[in-house]
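A.B. asks: Could you build all of it, start to finish, from the sequences and the hints given here?
If you're matching them up, the sequences are chains A and B in order.
Reminder that position 150 of the first sequence reads as 150 in our numbering, one-by-one numbering, no gaps.
With the second sequence counted from 1, adding 318 to any position gets you our numbering.
Think of the hints as simulated: they come from the structure by calculation, not from any bench.
Predicted, not measured: the structure shown is a model, and the values here were computed from it.
Accuracy of the hints is not assured; some may be wrong.
Unchecked claim - Cβ-Cβ distance ranges computed for the label pairs, FRET-style: (1) A/135 <-> B/401: 44 to 50 Å; (2) B/341 <-> A/287: 39 to 45 Å; (3) B/341 <-> A/82: 51 to 57 Å; (4) B/404 <-> A/283: 45 to 51 Å; (5) A/213 <-> B/516: 51 to 57 Å; (6) B/515 <-> A/82: 51 to 57 Å.
Cβ coordinates follow ideal geometry from the N, Cα and C atoms, glycine included.
2 protein chains.
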Amino acid sequence: MTSILALDFGGTKHTLGVLEEGGREWRARQQVFSPPGADARYDLETVFKLARQLLNGNQPAAIGVSFGGPVDASTSTVRLSHHVPGWENIPLGKILREEFNAPAQVDNDANVAALGEGRFGVGQGMRSIFYITVSTGVGGGWLLDGQIWRGSDGMAGEIGHTVVQPDGPTCLCGKRGCVERLASGRYMALDARLRLQEDSKAGPTLWNEYSDHLEALDGKALSRAASQGDPLACQLLERSAWALGVGIGNAANLLNPQRFILGGGVTKAGEAWWQTLRVTARQTALPEVHFDILQAVLGDDAPLWGAAALALDLLMAR
Amino acid sequence: MTSILALDFGGTKHTLGVLEEGGREWRARQQVFSPPGADARYDLETVFKLARQLLNGNQPAAIGVSFGGPVDASTSTVRLSHHVPGWENIPLGKILREEFNAPAQVDNDANVAALGEGRFGVGQGMRSIFYITVSTGVGGGWLLDGQIWRGSDGMAGEIGHTVVQPDGPTCLCGKRGCVERLASGRYMALDARLRLQEDSKAGPTLWNEYSDHLEALDGKALSRAASQGDPLACQLLERSAWALGVGIGNAANLLNPQRFILGGGVTKAGEAWWQTLRVTARQTALPEVHFDILQAVLGDDAPLWGAAALALDLLMAR
Numbered sequence: 001m002t003s004i005l006a007l008d009f010g011g012t013k014h015t016l017g018v019l020e021e022g023g024r025e026w027r028a029r030q031q032v033f034s035p036p037g038a039d040a041r042y043d044l045e046t047v048f049k050l051a052r053q054l055l056n057g058n059q060p061a062a063i064g065v066s067f068g069g070p071v072d073a074s075t076s077t078v079r080l081s082h083h084v085p086g087w088e089n090i091p092l093g094k095i096l097r098e099e100f101n102a103p104a105q106v107d108n109d110a111n112v113a114a115l116g117e118g119r120f121g122v123g124q125g126m127r128s129i130f131y132i133t134v135s136t137g138v139g140g141g142w143l144l145d146g147q148i149w150r151g152s153d154g155m156a157g158e159i160g161h162t163v164v165q166p167d168g169p170t171c172l173c174g175k176r177g178c179v180e181r182l183a184s185g186r187y188m189a190l191d192a193r194l195r196l197q198e199d200s201k202a203g204p205t206l207w208n209e210y211s212d213h214l215e216a217l218d219g220k221a222l223s224r225a226a227s228q229g230d231p232l233a234c235q236l237l238e239r240s241a242w243a244l245g246v247g248i249g250n251a252a253n254l255l256n257p258q259r260f261i262l263g264g265g266v267t268k269a270g271e272a273w274w275q276t277l278r279v280t281a282r283q284t285a286l287p288e289v290h291f292d293i294l295q296a297v298l299g300d301d302a303p304l305w306g307a308a309a310l311a312l313d314l315l316m317a318r
Numbered sequence: 319m320t321s322i323l324a325l326d327f328g329g330t331k332h333t334l335g336v337l338e339e340g341g342r343e344w345r346a347r348q349q350v351f352s353p354p355g356a357d358a359r360y361d362l363e364t365v366f367k368l369a370r371q372l373l374n375g376n377q378p379a380a381i382g383v384s385f386g387g388p389v390d391a392s393t394s395t396v397r398l399s400h401h402v403p404g405w406e407n408i409p410l411g412k413i414l415r416e417e418f419n420a421p422a423q424v425d426n427d428a429n430v431a432a433l434g435e436g437r438f439g440v441g442q443g444m445r446s447i448f449y450i451t452v453s454t455g456v457g458g459g460w461l462l463d464g465q466i467w468r469g470s471d472g473m474a475g476e477i478g479h480t481v482v483q484p485d486g487p488t489c490l491c492g493k494r495g496c497v498e499r500l501a502s503g504r505y506m507a508l509d510a511r512l513r514l515q516e517d518s519k520a521g522p523t524l525w526n527e528y529s530d531h532l533e534a535l536d537g538k539a540l541s542r543a544a545s546q547g548d549p550l551a552c553q554l555l556e557r558s559a560w561a562l563g564v565g566i567g568n569a570a571n572l573l574n575p576q577r578f579i580l581g582g583g584v585t586k587a588g589e590a591w592w593q594t595l596r597v598t599a600r601q602t603a604l605p606e607v608h609f610d611i612l613q614a615v616l617g618d619d620a621p622l623w624g625a626a627a628l629a630l631d632l633l634m635a636r
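C.D. replies: Right under this line is the structure:
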């Protein structure tokens, strides 16, 4: 029996899965959370130990890895983690190959999640998809001709930092009006807090719930308040959907993929958000450019399924 | 001796070339202009007759074609011409195969020019380029992994209709502030004429030369006037370079190609235009996204060289 090992290194949550070749259900699957202060060495030791337990004495035929941060996929080397210290230039693929005596491929979570949805999720059968995660930030990954398109620096997919409103608010990236600044949960929450501090009547539902702990107001709170008709929440979500819609329409004009697949917390903001997004994307793209926009189906498991696909591709390449 | 036939069907100007396999100079090359009122049948007969003369009794081993309008490259069928009647759904590849008893591949001029610059021009040795023509309109073509990326409807490359200023002026495409509306020669000239009609002092150099035949004011006139310091011409060219720069920066964030290659009349507008373009593109792209922006070197010959590359690829695939 040929089994592969799939690993998803998140910021504080790591997921492991063991899959048989050709299988569609995990033979074993487990999650482990890092304690505060954990570093790369701690995470590696924890995950390796757990992997050995899951493998139960078997050797994996191949290993695929999703990593939550920049990766040089050509050498399977982690460049760094924005959340966990000690990940600078760690040759994770090489370490895994030596530890488990099996070929390993590492890529960043946006690319790997795209591959997961493309092979096992709502992108099955599509030749070209763009997977976008709209959460704290906004990132994306391309599958072109069924393969991850990484770009010449491994930086492809950064729709979050395309500019759609050049006179818009300033983002941490230094630009104004990029998609992430307008569409992400973190920035929407920031704008809501700033606006409520200026004028508490702008968002009565939000103010009612968060006036004494504004710092806790997050993207989910906005979705809830919007569903209750809070005008500030509705306005911020409308702007989010508009900005992402322009970004998607622009990407459609540039690359003409078959399908856009959207995951992440903000995509659960409700029907009004999706409606504005779809209308805006359709208006931004040329009439001859066809595409659809679907919600991701694998949820938080997309990177783990994509890691499995990376491993299966290694088997194919043998 | 194996020779290939390269054809470039423009609106009113058609170019033909015969190249030996492995050659870097045309064995024969000729241009022919269509008279007003010419239709598809006339153009085909003229070009076929001239091709037979150039081939001088030899049979081409393969035929590559650039067509100035939408093409279904999967079947080498012309969809239509925006300039010449009678091109609706013409199976040009099939007609050529039967006429010359050789395999033929047809694609639109933006894709074929990209291939030309990629294989024979300033994109040689690059794995991923985006070729952009900035002329009457703004169009583009991708080479990814050395091959044309057409997208699922054959519509990829439409950077001219990406939106960079959503509250900007309205384009014929129905949207506001798309790159073509701000950066193309035709629209810059339109805006110059409108502005001069409102206020002739806005562009004294332009007004001096064109006040009695404003309709003749075109993109070239703007470049000339800008080089003489005309404020309206400078302002319109600055906006053109800014809009295209944002479009290029956005494309860099999305696809991370190695090189952007720019052809077309507007790219001859002078150093100030290039300076603004490069600075804006660099500011729009993330710091980790590297690329350069170079002027195309093949000029009007890019589609003909690309057509030769299409034909050579047919030989490789035998």
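A.B. asks: Next, verify each hint and record whether it holds.
C.D. replies: Against the structure, the hints come out as follows:
1. Hint check: residue 135 of chain A to residue 401 of chain B, Cβ distance near 47 Å, so the stated range 44 to 50 Å holds.
2. Our hint of 39 to 45 Å for residue 341 of chain B and residue 287 of chain A holds, since their Cβ atoms are close to 42 Å apart.
3. For residue 341 of chain B and residue 82 of chain A, the Cβ-Cβ distance of about 52 Å falls inside the hinted range of 51 to 57 Å, so the restraint holds.
4. The hinted range of 45 to 51 Å is not satisfied by residue 404 of chain B and residue 283 of chain A, whose Cβ atoms lie roughly 33 Å apart.
5. The supplied range of 51 to 57 Å is met by residue 213 of chain A and residue 516 of chain B, whose beta-carbon atoms lie about 55 Å from each other.
6. About 54 Å separates the C-beta atoms of residue 515 of chain B and residue 82 of chain A, a value consistent with the hinted range of 51 to 57 Å.
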